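Protein chains in written order, with our numbering: chain A, 1 to 252; chain B, 253 to 466; chain C, 467 to 684.
The hints are simulated quantities; they were obtained by calculation from the structure and are not laboratory data. Possibly wrong hints are sitting among the right ones.
To be verified - If the Cβ cut is set under 8 Å, some of the chain B residues that face chain C in the computed set are:
hint : residue
1    : I302
2    : L305
3    : Q355
What the hints assert, rightly or not - Listed next, the in silico DSS-like pairs over lysine-lysine satisfying Cα-Cα at most 30 Å (straight line):
hint : chain 1 : residue 1 : chain 2 : residue 2
4    : A       : K17       : B       : K366
5    : A       : K22       : A       : K242
6    : B       : K288      : A       : K71
7    : A       : K119      : B       : K366
8    : C       : K678      : B       : K349
9    : A       : K71       : B       : K368
10   : A       : K17       : B       : K453
11   : B       : K285      : A       : K133
12   : B       : K451      : A       : K113
13   : B       : K443      : B       : K366
14   : A       : K113      : B       : K366
15   : A       : K59       : B       : K451
As the list claims (entries may be wrong) - Taking CB as the label site, the calculated pair distances span:
hint : chain 1 : residue 1 : chain 2 : residue 2 : range
16   : C       : V663      : B       : I326      : 26 to 32 Å
17   : A       : R61       : B       : Q357      : 20 to 26 Å
18   : B       : G267      : A       : E181      : 48 to 54 Å
19   : A       : G177      : B       : P376      : 32 to 38 Å
20   : C       : L499      : A       : S14       : 50 to 56 Å
All values reported here derive from a predicted model rather than from experimental measurement. Glycine residues also receive a C-beta, built at the ideal position from the N, C-alpha and C atoms.
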Amino acid sequence: MAQTILKVENLHKSYGKTEVIKGVSFEVKKSETKVIIGPSGTGKSTLLRCINQLDYPDKGRVWLEDVEITKPHIDINQIRASIGFVFQSFNLFTHLTALDNVRIGPMRVREMKEEEATKIALEELRRVGLEDKIHHYPAQLSGGQQQRVSIARALAMNPKLILFDEPTSALDPELIGEVLEVMINLAKEEVTMIVVTHEMGFASSVADDIIFMDDGMILEEGPPGKIFKNPKHKRTAKFFSKITQLEGEKAK
Amino acid sequence: MGSLISIELALAFLGLGFVVGIPLAVGEVYGNKLVKNLVVLPIVEFFRSIPALVLLFLFYFGASSLNLSLSPFIAALLAMGFRSAAYQSQIFRGAIKSIDVGQMQAARSIGMSKFKAIRYIILPQALRISIPGWSNEYACVLKDTSLVYALGITELMRQGRYIVARTFGNAILVYVICALIYFIIVHFGVKLLDFLEEKYKIPGYEIKKVTTRV
Amino acid sequence: MNFFEFAWSILPKLLPGALTSLKLTVLAISIGLILGIPLSLGRVYGSKVIYTITTIYIEAFRGTPMLTQLFILYFGLPSIGIMFPPFTAAVIGLGLNSAAYQAEYFRGAIQAVKDGQMVAARSIGMTKIKAIRYIILPQMFRLVIPSWSNELILLLKASSIAYMIQVSELVSVGRQIASRNFRTFEVFLVIAFIYFVIVEVLNRILHSVERKIKIPGL
């Protein structure tokens, strides 16, 4: 039985009077690629941010392996160092080169020596295919390249799992491919991932498990084959039909 | 020469202002409401609403009423240094606020504490953005060093006065030369800061120039 | 006499000084306004010659300390035969200085008025002068209010420098009082408080004026 890396139990989050996450629970096993899909604005991003506590859940508990990370007095910085996060808007540190962006985590958070940190950084940058751009600044890189650097930055911390918050939504269409390719390779290398995305192709071919979320709740959960062919809820079916409608138009 | 003293004074004031200004700015942006409203804002408001001359006298005479004997130089340093801190804190505050919120989030997401994030990610960027405003502050502080004349410190203006008194010289000539010296020092300082701005520019980013008097 | 009683007792004595400071400020900012607008127009719309002359004026007054400028006017000019009484010298000095700063604020505001405005004005047949008068300036005045308010307050604080050329404004009066009772620190605490109050009040008034005259949407 594979080890459970992340467990989310009954998460609730409200902004003011609006409840955005209404009791979400799920588990992620080691090496699993879990993809969360659903209409925009239904709390998917908020859910991710509640896991590494960039936003604070109002109710509910989260466990990273066997440590409850929603406990009040826990060292959240240590926890965040073990959870990678890839933002929709990349958020690379603008004043640092690609190399510095990737090695600042190991150097300043894990307090590694520069040599060691640099070795790790170069390795990760090679892994995402950017070994020839290590001295470039973010403003000199394309969107796709920036996002790949940000993935390297997350990887350099040797996290237990990586959270991807709509990683390709801010990219021009022709740049999406290079980022998805990196993510597919990571999935093949058995990195534990949770991906929030609108890329259905990626979801159906790479996910081990899909979660369909709407209106702050999980409506369906299961392997891609089951979800896409036999959705239980009407809303899920409706969502997919809209997608295939678009795909259909594109095909025409 | 008086001019050297003026430059020394300016650098001292700016230095103190910088060292105190950054914590003030960080406190104002990242501090809790208590720190911000009870500590930072009153300090900033106090030093900005009161004329520099009054501040100088306040510190100079205040010291003796507390039975401390402060040399005019130290009194001036404290008064003008803290004043510069108040102004600089606003420059830094503006710069910090203009940094995209994603930078802090990304820093926290790799496990940096708030302190580390401010130190390694926010401040390096904020300081670069602050250079134009800081250049303005440099000019202001340098010109304000002339006010320490009132405390009897021998900087440029007082030296000018001595020269006029001793030589019964052409007063207007002497003072115009003083003015010229100030102008040159300010001008070169600003040019130097422009050069630094160019040198430490983040490749790919343009920093807008703002010319407002603080 | 404790501090508060003392403070209360010297307030009336300080009043004439405060009034002089205010008078100085108002006169100086008016001179600055009257001179500043043509200066800014010269810098934006003028020929190369006018541009150079106005720039030299502005750079000279912004690049040198106010104290030096006042010294030149009050202590310097007599050596070539022109003597101003202290108050006059202060008004002239503060006024000319303020004109230089105000000119830069106006220039900034003029340039903030979109280019299309001038082009549109010319396209309905207005001369440059008419366009400036009816289209550019009215917008500029509204845009410049924040910086202008700032200048007013700066000038009020700068009026204290006139003490150095023997004008009987607030600081000067304060020192006179202090020389008689030796409670200099407390006198200056009161003076600081007076400035603080005036500045805060002015700030509030100017902010509400700003809000009322704002162009909707701009």
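Hint check results:
{"no.": "1", "hint": "I302", "verdict": "holds, 5 Å"}
{"no.": "2", "hint": "L305", "verdict": "holds, 4 Å"}
{"no.": "3", "hint": "Q355", "verdict": "violated, 29 Å"}
{"no.": "4", "hint": "A:K17 x B:K366", "verdict": "holds, 29 Å"}
{"no.": "5", "hint": "A:K22 x A:K242", "verdict": "holds, 25 Å"}
{"no.": "6", "hint": "B:K288 x A:K71", "verdict": "holds, 29 Å"}
{"no.": "7", "hint": "A:K119 x B:K366", "verdict": "holds, 26 Å"}
{"no.": "8", "hint": "C:K678 x B:K349", "verdict": "holds, 28 Å"}
{"no.": "9", "hint": "A:K71 x B:K368", "verdict": "holds, 23 Å"}
{"no.": "10", "hint": "A:K17 x B:K453", "verdict": "violated, 44 Å"}
{"no.": "11", "hint": "B:K285 x A:K133", "verdict": "violated, 43 Å"}
{"no.": "12", "hint": "B:K451 x A:K113", "verdict": "holds, 28 Å"}
{"no.": "13", "hint": "B:K443 x B:K366", "verdict": "violated, 35 Å"}
{"no.": "14", "hint": "A:K113 x B:K366", "verdict": "holds, 22 Å"}
{"no.": "15", "hint": "A:K59 x B:K451", "verdict": "violated, 50 Å"}
{"no.": "16", "hint": "C:V663 x B:I326: 26 to 32 Å", "verdict": "holds, 29 Å"}
{"no.": "17", "hint": "A:R61 x B:Q357: 20 to 26 Å", "verdict": "holds, 23 Å"}
{"no.": "18", "hint": "B:G267 x A:E181: 48 to 54 Å", "verdict": "holds, 52 Å"}
{"no.": "19", "hint": "A:G177 x B:P376: 32 to 38 Å", "verdict": "holds, 34 Å"}
{"no.": "20", "hint": "C:L499 x A:S14: 50 to 56 Å", "verdict": "holds, 53 Å"}
Going through the hint list in order, the structure does not satisfy hints 3, 10, 11, 13 and 15.
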